[in-house]
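Participant: Using the sequences and the hints given, assemble the complete structure.
Heads up: the protein sequence lines correspond to chains A, B and C, in order. Position 249 (the first sequence) corresponds to 249 in my numbering; numbering is contiguous. Just remember that my numbering sits 1000 ahead of the position in the second sequence, which is counted from 1. Just remember that my numbering sits 2000 ahead of the position in the third sequence, which is counted from 1.
Simulated from the structure, these hints should not be mistaken for laboratory data. Using N, Cα and C, we set each Cβ at its ideal position, and we do this for glycine too. Each hint should be verified, as a subset may be incorrect.
[Stated by the list, open to error] Chain B side only, calculated, beta carbon under 7 Å to chain A, not exhaustive:
1) Phe-1047
2) Ser-1053
3) Ser-1066
4) Gln-1067
5) Ala-1116
6) Asn-1154
7) Arg-1245
8) Ser-1281
9) Phe-1289
[Stated by the list, open to error] Using 27 Å as the maximum straight-line C-alpha spacing, the simulated DSSO-like pairs for lysine-lysine come out as follows:
10) Lys-2402(C) x Lys-2234(C)
11) Lys-2057(C) x Lys-2039(C)
12) Lys-2334(C) x Lys-2065(C)
13) Lys-2339(C) x Lys-2380(C)
14) Lys-2398(C) x Lys-2131(C)
15) Lys-64(A) x Lys-2356(C)
16) Lys-64(A) x Lys-2258(C)
17) Lys-2039(C) x Lys-2339(C)
18) Lys-2065(C) x Lys-2217(C)
19) Lys-2065(C) x Lys-2339(C)
20) Lys-64(A) x Lys-2057(C)
21) Lys-64(A) x Lys-2297(C)
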Amino acid sequence: MTVTRAITTAPRGERGVLHPPRRPMTARRFARKYLIGIIAILVSIVVFLVPFIFILLQAAKDPKDAGLMGFDLPTTWQFWQNLVEVIQTNSYQVLAAFINSFILTIASVAIMVVFSAMCGYLLHRRRTKLNPLVNFLVLAGLIVPPAVVPTIWVLQGLGIFDTLPGMILVEATLGPSFSILLFRAFVATIPRELDEAAIIDGAGPMRLFFQVILPLLRPVLITVIVVQAVAVFNDFTGPLYFLPSSSNPTVQLTLYNFQSQAVSQYNLLFMNILLITIPPLIMYIFFNRQIVAGMTSGAVKG
Amino acid sequence: MTTASVTIDPAAPTRAPRKTKSDRRGMRSPYPSWFYIPAGVLYLIFFALPTFSSFYFALTRWTLFSQTFIGFGNFVQFFQTPALTQGFVNTFIYGFVTSAAKVVLGLALALLLTGATFGRGYLRAVVFFPVLVSTVGVGLTFKALLDPFHGVVNQVLGFFHLPQPGWYTDPHLALLTVAGVDIWKGVGIATLIFMAGIVAIPSEYFEAARVDGAGSWNVFRNITLPLVRPAMATVIILSLIGGLRSFDLIWAMTNGGPGFSSDVIASVIYKQYQAGFFGLSTAGNVILFLVVTAIMLPVQWLLNRREADL
Amino acid sequence: MKLSPMRRAAAATAAIAAVALALTGCSGFGSTGSNSGSKVTITFLTQNDAPTRTQSKALIEAFEKKYPDVTVKLDTQPPGTQGDNLMKTKLSTKTMDNVFHYNSGSLFQALNPKTSMVDLSGESWVKDLDKNFKQVVSVDGKVYGAPLGTSSAGGILYNKKIYQQLGLSIPTTWDEFIANSNKIKTADPNVTPILQSFGDTWTSQLLVLGDFANINKQDPNWATDYTENKNGAKYVNQPAFEGFQHTAQIVPAGLVNKDYASMTNAQAMDALANGTAAQYPMLTGSMATVQQNEPDKINDIGVFAIPSPDAQYTSLTLWEPNALYISSTTSGDKLKASKEFVAFANSPQGCEIQNKTGAAAGPYSTSACSLPSDAPAFTKDVQKYIDDDKASPALEFKSPIKGPNLETILIAVASGSTSAQVGAQQYDQDVKAQAQQLGIKGW
Chain A
1 MTVTRAITTA PRGERGVLHP PRRPMTARRF ARKYLIGIIA ILVSIVVFLV
51 PFIFILLQAA KDPKDAGLMG FDLPTTWQFW QNLVEVIQTN SYQVLAAFIN
101 SFILTIASVA IMVVFSAMCG YLLHRRRTKL NPLVNFLVLA GLIVPPAVVP
151 TIWVLQGLGI FDTLPGMILV EATLGPSFSI LLFRAFVATI PRELDEAAII
201 DGAGPMRLFF QVILPLLRPV LITVIVVQAV AVFNDFTGPL YFLPSSSNPT
251 VQLTLYNFQS QAVSQYNLLF MNILLITIPP LIMYIFFNRQ IVAGMTSGAV
301 KG
Chain B
1001 MTTASVTIDP AAPTRAPRKT KSDRRGMRSP YPSWFYIPAG VLYLIFFALP
1051 TFSSFYFALT RWTLFSQTFI GFGNFVQFFQ TPALTQGFVN TFIYGFVTSA
1101 AKVVLGLALA LLLTGATFGR GYLRAVVFFP VLVSTVGVGL TFKALLDPFH
1151 GVVNQVLGFF HLPQPGWYTD PHLALLTVAG VDIWKGVGIA TLIFMAGIVA
1201 IPSEYFEAAR VDGAGSWNVF RNITLPLVRP AMATVIILSL IGGLRSFDLI
1251 WAMTNGGPGF SSDVIASVIY KQYQAGFFGL STAGNVILFL VVTAIMLPVQ
1301 WLLNRREADL
Chain C
2001 MKLSPMRRAA AATAAIAAVA LALTGCSGFG STGSNSGSKV TITFLTQNDA
2051 PTRTQSKALI EAFEKKYPDV TVKLDTQPPG TQGDNLMKTK LSTKTMDNVF
2101 HYNSGSLFQA LNPKTSMVDL SGESWVKDLD KNFKQVVSVD GKVYGAPLGT
2151 SSAGGILYNK KIYQQLGLSI PTTWDEFIAN SNKIKTADPN VTPILQSFGD
2201 TWTSQLLVLG DFANINKQDP NWATDYTENK NGAKYVNQPA FEGFQHTAQI
2251 VPAGLVNKDY ASMTNAQAMD ALANGTAAQY PMLTGSMATV QQNEPDKIND
2301 IGVFAIPSPD AQYTSLTLWE PNALYISSTT SGDKLKASKE FVAFANSPQG
2351 CEIQNKTGAA AGPYSTSACS LPSDAPAFTK DVQKYIDDDK ASPALEFKSP
2401 IKGPNLETIL IAVASGSTSA QVGAQQYDQD VKAQAQQLGI KGW
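Facilitator: What follows is the structure, given as structure tokens:
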């Protein structure tokens, strides 16, 4: 259950580019480009970078310093010490939580991606009377807030409440709406002729989808996988409701509960925050360009 | 009299007989309907079923194992308790404030980041990164930064002899403070969507405008703004839905406090659930559902009056 | 990242394997252990705050030494309102640990003990229980819990040194209390007369909940009337209303610390011990912080009962200790081991551990354990009220109904967003909702 997700809606215009064509440089434009740029960079550092630097500094301090919450360098650097202490707390609860979160993320994203690709693909390719209904259901999935307590009731009825498989299935249900829309938009850019060529070659529907279409969906596939993986990994509300006991916590739950424990140990709390930020950071570093490309690719022909 | 004869050209490709409708049905179609089934099953069991049953359970006093039908008792209670009505109002405020801010700031940033600005690559990376960070982590970090007496923000303000408000301890400010953090975290996606929209505008339009001697403001007003409408529609819809349903950040930063001043419907739902008032909590869900739908339908209709590729 | 068919198949297999792994017994990490060989493993759930965990670990260690073929696995969860719901959910989904540590009194009642817990009335330690305590862990005469830790009192913790310096005497009426506070304020503006610490939201309830002994002295039937919704026993009426009035009074009177909205309980205790504050409406259980941070100052702090407007009613409100319960899903060997563990907690060895790792906040609720001779001075203050028969267990031990929103309502009242009158009305409504949810007759 995430807050906002992005979807490309660029109209199918002609080739647009991320870099506007060069124009002659006048003094005014020079000032605009560099002056505004520098101001923007400075502002961005204060607004966007300071919080992260703060996390880093807090994570390296000793408990007393961290309790003061100032934006200064630690008097004693105990980064490594804090790291070890956080990991060891509660018999390696943080590690267990990471493993749980990874299992949850990988499993639910795998399911989500395949199912929603199938739907998005079919929505575009096959125009039947079913389409308006499916469209409506997809939109409903986006808008309607999930009814939590009844979902708990259903999960309990199936005997999978408070278990990872139950959580995986819930995440795999609530995520697809957005991915389906993305896939549908992208499948539109794959010409039907390819389909027909494959069919003539004797491909059945499964082969057509998995071997011909899916590889061509690569750009948007990466976008969807990364965005959904981050969303599931960062999901707090879901595990809060559906994984309440501490025997299967995810990292978000562990962090939240750590507050009451680390009441006088802000350094450990922030080390925990830092650890949780690392997987998305890694994903971001590797896939930053692909994410942006995937978003804008609706406008650029692949 | 001539004899008509048909010559078959062996080099011409043999056309497969035209598929009849009966052939297209079922598994012989390359687009089988059963592709919908996997997602459909999940949707039915874990989404549709709970949503429909919520309408029933909202009318009961529920303990997960037994329920007593009490008609609209839960709804009456919901609107009688001042704490709950406050949450109702706050939801609107939160949703619209965050959405409006994300639209305006997102567009402004997108313009900046698609124009010829120095350090653009870096700026794009930095603006988008908060989107990927854990909401709980962000909430806790800002709670420390905005601490009224020890936090960095107030210390800096104090240095400049500016007032140092109780960001999340002042009942009048708490909700807006959380909204501010929400905007910080979410503006990146709005920017990204707007960027995609701006970039999709064919450059010929801009060139034509320049040739006509249009200044930056005119270009923006008459070309960029109208053509960015689909992207704007998306941003408005997504941020509004998200804002109305928001829970994580509020819960991590203030738990709905101080008092009830930063409660929203989603946190009320959780609190009722925490207290074991399952029927009341589900009633809250139904109310949230009605609120979101009641707002989103007209908004969507308004935005989609012009064809948009959603 | 190439998504060639081969790679994709591999990825899909990995994903399916992950799901399969999760679906088989290895579901997630940290799941409750199972029997290994002839050893019995039981699970024990407690709160995750540091002192509780330290005590639990010490108990487990000593217990496992005495009973080498039993292993106890420790699970923790947050305390407070969050934990309340977790408790209920775990019990109703039958996923509760074998032994669990939780409040006694109305919170215990809310867990539906008759179906969710094992009846322990036949255990040997039951005869040692203090009669007040027995009541708060029993339903229909059956005992379900053993005490862990001392009882505690809810009153005004005060810095004796400041009182001595200013020549103040312990107030027996509320007006005297305010007068003392004003004197403190004039004498030294840097010393906070009355501390409030809403950084920990539960602390807002003391002036209302700690006033109950006074109400009970004035009207011994109040608790029953309140439970049965009779005779106007509501917070919007006196005598109960005074608690709300008191809460609303102190901030506008300028007697409270500036950072009351964000100060935490631990910070407040430190301030009290160090003399930067004079008085703090709080549970004696919080003295554990002082024990940890400023142990040499612990005898500087005393406690007196929250004064009633009328001196003859002023009494100290007591909180019974938490208890250990056994969930009804435990059976066979595990049940035997769990009973042994529960009994161990109040055995001589267990009592010693309780004394060492717990902070004494008052007398024990079982005659099996006694306070060490070097117990802090304030415990004697508490004992005096008990000996003088000017003490009563808090409302939550005499009535199953407690509205879940009291702390939030009181924060709003204290900070001035709601008046005392409106706050009391809101709470009465809250109580009504809870009573109806519990299915209590008369509502």
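Participant: For each hint, tell me whether it holds in the structure or not.
Facilitator: Comparing the hints with the structure gives:
1. Phe-1047: Check passed: Cβ of Phe-1047(B) comes within 5 Å of chain A, closer than 7 Å.
2. Ser-1053: holds, 5 Å
3. Ser-1066: violated, 12 Å
4. Gln-1067: Hint violated; Gln-1067(B) Cβ to chain A Cβ min 10 Å, cut 7 Å.
5. Ala-1116: holds, 5 Å
6. Asn-1154: violated, 10 Å
7. Arg-1245: holds, 5 Å
8. Ser-1281: holds, 5 Å
9. Phe-1289: Hint on Phe-1289(B): holds, closest Cβ of chain A at ~6 Å, below 7 Å.
10. Lys-2402(C) x Lys-2234(C): With Cα atoms ~12 Å apart, Lys-2402(C) and Lys-2234(C) stay inside 27 Å; holds.
11. Lys-2057(C) x Lys-2039(C): holds, 19 Å
12. Lys-2334(C) x Lys-2065(C): The hint holds at about 17 Å.
13. Lys-2339(C) x Lys-2380(C): Between Lys-2339(C) and Lys-2380(C) the Cα gap is close to 33 Å, so the pair fails against 27 Å, i.e. violated.
14. Lys-2398(C) x Lys-2131(C): It holds: about 13 Å lies between the C-alpha atoms, which stays within 27 Å.
15. Lys-64(A) x Lys-2356(C): holds, 26 Å
16. Lys-64(A) x Lys-2258(C): It holds: about 22 Å lies between the C-alpha atoms, which stays within 27 Å.
17. Lys-2039(C) x Lys-2339(C): holds, 16 Å
18. Lys-2065(C) x Lys-2217(C): violated, 47 Å
19. Lys-2065(C) x Lys-2339(C): Distance of about 16 Å is within 27 Å: holds.
20. Lys-64(A) x Lys-2057(C): holds, 26 Å
21. Lys-64(A) x Lys-2297(C): holds, 20 Å
In the structure shown, a violation is registered for the earlier hints numbered 3, 4, 6, 13 and 18, in ascending order.
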